[in-house]
Amino acid sequence: MFKNKNKSNTFTPERKLLYKKRTLSVVVNVVRYFFLLALSYVVLFQLFFMISYAIRPKADIYNPSIVWIPSDITMDNFKMAFEELDYLKTGFVSLWLMEVSAFIEVMVCAVIAYGFARFEFKEKNLIFFLVLLTIIVPTQMLIIPMYLNYAHFDILGIGKFFIDTFHLPDFRPQLLNTGLTFWLPSLFGVGVRSGLFIFIYRKFFEGLPRELEEAAYVDGAGPLRTFVSVILPSSGVVFLTVTIFSTIWHWNESYLSDMYNKGNPPLAVKMDYVKTDLLKDSRAAGMAACLLFIAPMLIMYMFLQRKFVQSIDRVGIVG
Amino acid sequence: MKKSLKDFTRKKQMYGRMFILPWEIGFVLFFLQPLVQSLVFVFSNVTVNFDEGVFETKWVGLSNIRHFFYEDTVYVDNLVDSLTSFIYTIPLIVALSLIVGVLLNQKFKGRIVFRSIFFLPVIIATGVVMTYLQGDATAQAMRSGSSSGNGIDISNILMSMNLSENVSSTLLGFVNQIFDLFWDCGVQIVLFISGLQSIPEQLYEVCRVEGANKWEEFWYVTFPMLSGTTLLVIVFTAIEIFTDSGNKVMTYGFNAMRQNMWWEGPTMLWVYFALVGAILGLAVLLIQKKIFAKWAN
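Line by line, the protein sequences give chains V and C.
Quick note: the first sequence uses our numbering, first residue 1, plus one each step.
Quick note: the second sequence uses our numbering, first residue 1001, plus one each step.
Be careful, since some hints might not be right.
[What the hints assert, rightly or not] 25 Å max Cα-Cα, derived DMTMM-like pairs, lysine to aspartate or glutamate:
hint	chain 1	residue 1	chain 2	residue 2
1	C	K1011	V	D219
2	C	K1058	C	D1072
3	C	K1011	V	E120
4	V	K275	V	D86
5	V	K16	C	E1210
6	V	K20	C	E1210
7	V	K160	C	E1024
8	V	K280	V	D60
9	V	K307	C	D1184
10	C	K1006	V	E214
11	V	K89	V	D258
12	C	K1011	V	E123
13	V	K16	C	E1205
14	V	K122	V	E214
15	V	K21	C	E1205
16	V	K122	V	E211
17	C	K1012	V	D219
18	C	K1107	C	E1217
19	C	K1006	V	E206
20	V	K275	C	D1180
21	C	K1006	V	D219
22	C	K1012	V	E123
23	V	K307	V	E99
24	V	K280	V	E83
25	V	K262	V	E99
26	V	K16	C	E1216
Think of the hints as simulated: they come from the structure by calculation, not from any bench.
Note that the coordinates shown come from a computational prediction; the quantities given were computed from them, not determined experimentally.
All chains, please: the whole structure from these sequences, using the hints.
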């Protein structure tokens, strides 16, 4: 058949164009796969590197003939890292402190973003500019005043004023080493990267059709009720995105929790504390610790990734 | 009728303010107050009384800032270092994520797998894990592909292409740089993909009807339609690099805070922030005016 075609006509311009197009698409494909594979290699390499070292017995670590596959599989490194990290305890602290905060943040930011997305009022743009400002200013600049405030929690110095004027005993609560250091900011929508999440939510809500909400209003539902029963059910996609980001960023957060929760460190901070101990003998225990650290997030991602990767298609975060 | 409409808009305004009220409270308590306080620190001599949770500040004017520029030997160097790396890493990261985003947005076999892989840096490349890996010279060498025994040996490939040593070492450095920068691209790629998804398909159809090629399609449709996303990505990247704990000014600032020199940290960071903010603002303005305005017309 192919021969026939060749015989039947010489190189017409159309045919030439077709061939050109075909070769072009082959070239594009080759370049694309090469490029993507090379970058995937960079990422996966690191993961396999960690695994390969974490399961190595001591003898294999400095054996130059062993590159990837160890002669024997051992769990000793994991055991050591597990004990050094006090994994169950610090892991629970991470869950309780950080992930509860992540959950609060995901909910609260949605509510706030809905206010920005659907209602008009004079100062809206100014306030949204301030939201963007909270994204840009690094927390490092705020940490000392925040730390002092958490040590004796006070609202704009009102408590201090009462104590001084009426000579009261110090009633200001001490919040350091409690979960409130993270829960409170999250509750008010100024937690870990909340500004960015408000931004993402707002873009998404603005893209939703208004008809459904108007129908709810006509039926006499209040705005909060409309939000819960009309907006929430159709926003699964953006919730998934924000939840994944918030969970991961909270899990990895180590700077603030190192300041606020020294006495009760979450996993990310503990990792930093035991680093020299773990890397003392060899890198194997350190790699095992890294794997233990990223494992919960990796597992969560594995469960959600299919939905997430497809949902990126539909979020339309920006535009 | 008219009156009730007015009532309705007023009511809606009130609802809107209600939704945002918690954020306003949080902003004042957990952002504005500490921000102003740390700004005061810049111009003051601070003594902290931990037992009472109060600090006393004595106004010293610009002497804190002057200290870093005239007496401190390291700060200015660090600052220049950070700012220069800033200027070339941001465009590289943005370009790399844009390329990967465009590639992953196309329909081809295995794109779901690639997308999952390319998000992994967000999980793996955290501050803590990176310090574990960076302490590890072998891992770095292997990652850049210059190891012996396994991996792709890029330097060998370059050598076999008969390039002069200078050229090949520059190229190698560049490739390594890209590999390293790729670790910071996870979120940006996601942002770009979702930005690409929101471009209406009709625009591409118009292009096809008009007979534009892929390249023209990219420059006249994709790129201008992504202007909002690009700005967001630029700002996000800048903040990431700006606040990265591997950043020299940042590390220096941390250490100062741990030594209880209360005014040092805020001063260093405020100066840094002001400079970065100025550069960033200028860049964003320029981009908006020069590049995106061209298409808007």
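Hint numbers contradicted by this structure: Every hint satisfied by this model.
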